[in-house]
Amino acid sequence: MSDLFGQGGGGQGGGKGGLGTLDPRVRVLAAPAFALVILSLSSLSALSAGVGLALILLSLSGLPPLRTLKRMVMMDSFIIFMLVLLPFTLPGEPVFSVFGLSASWEGLLRTAEIGLKANAVVLALMALVGGMDPTTLGHALARLKVPATLVHLLLFTVRYIDVIQDEYARMRAAMKCRGFRPSNSRHTYRTFGYLIGMLLVRSLERSERILEAMKCRGFTGRFVLLDRFAFRLRDACFALGFGVLLFVLVLWELRLVPL
Amino acid sequence: MHIVDGALSNPVVIGGAVLAAGGVIRGLKELTMEKVPTAGVLAATFFVASLVNVPIGPSSVHLIMNGLAGLVLGWVAFPALFVGLLLQAVFFGFGGLMVLGVNTLNIALPAVIVGLLFRRWALSPNPKVAMVAGAAAGAGAILLTALMVALVLLASGQEFLTAARLVVLAHLPVMIIEGLICGAAVLLIGRVKPDLFQTLVGVSTLERV
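Here the protein sequences line up with chains G and H, keeping their order. Sequential numbering of the first sequence, starting at 169, is according to this note's numbering. Sequential numbering of the second sequence, starting at 26, is according to this note's numbering.
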């Protein structure tokens, strides 16, 4: 349904691959379980196995693998400067030096640890939850007892992001027609300010019309969430298998598995 | 600036989550049935605004606009920005899952603070006063966000000192730009639809009609 998020379709909650046939609640709960286990690990071999598990999830998610990995690399580019600094700022045994600054072995290890953790968690999150239709995510959260107001807010937000995005694109097109070209100038920033202000004004007026239209149709403040989530045998199998894999990761960390 | 999973220490992550949850609950209390659609559409607008790139020097940055969100949404900024960050993490892979609380706190708490400080003046009929208040809110929110990110990093380990300093430095130009943009936005809203500052904070338009 959505340009920005749309990858769903088919299965219980959208998503074509193996994960798409699972109960969305199981997928939503699996993400924090995975993140908790990953964050508790520190050995690089166990963390690498965690990234491997996340990649397997990605292949089962029905998401386009290349685009998803590209997004992950984009996230890495945000944090890269922080990670690059660590070997030089964490004291320890020096390994090599750049411009007279020595990088410590401890710092390198920590950099690798953070990089693996961040990527494993984000990859698994996108694979488990990101392949869902955002509306399905809202419904799953509601079924997991997340406060109804928050779920409604999420559903409205998801519903209108594309609409507002279109509105924004129209306004930018109109500005371009009038010869606006962004540059480093007061004029540019003032124009962007007016643009954001106008976008908010139009959104507010739109939301007033939405509320009136919804009231005409009997909106009482609560959506009736129509979904047919069912916890079936395959969900139990996935939960069990996934739990065992996470447990193996913990054992690996504790060096109880001969690997 | 999104912090990723794995960088922060456990007490910082847990503390951030607890405080963010408190802020979200406080914000949800303000949302009556009438206000949820408005809050949703405005949350979507701030989400779209955060995808807007503006030129800065030879490069460009994306807007954050949490100062403006604070002026318009008040405490509702917490749930609204949380939803935005959740969607960005899940569908775009920005940030992380367990650090969602810390990231929400870093963006939304400054929003609420500048909202409380500057809303009175942003509503001023004098356009100059309103614009300056808007600019102060926009720039102040970014400054607070940068300081909070730095603080959170430092609380997790001294080795992040250089990174924390860089975060604050890198946000200084962003602060100026967001201030200019937020000031202009407040000016325009004051001229076109001053109600906007009172739809979610104070009485709703429908109650008044």
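Think of the hints as simulated: they come from the structure by calculation, not from any bench. Heads up, some of the hints might be wrong.
On the chain G side, residues computed to face chain H include the following (Cβ under 8 angstroms) [claimed, not checked]:
#1 Thr-189
#2 Phe-249
#3 Leu-322
#4 Phe-348
#5 Ser-371
#6 Leu-413
Here are the simulated DSS-like cross-link-like pairs (lysine-lysine), alpha carbons at most 25 angstroms apart as the crow flies [as the list claims (entries may be wrong)]:
#7 H/Lys-153 x H/Lys-54
#8 G/Lys-383 x H/Lys-153
#9 H/Lys-54 x G/Lys-313
#10 G/Lys-383 x H/Lys-218
All figures in this text were calculated on a predicted structure; none of them were measured in a lab. By construction, the Cβ of each residue, glycine as well, lies at the ideal position given by its N, Cα and C atoms.
Hints not upheld, ascending by number: 1, 4, 6, 7 and 8
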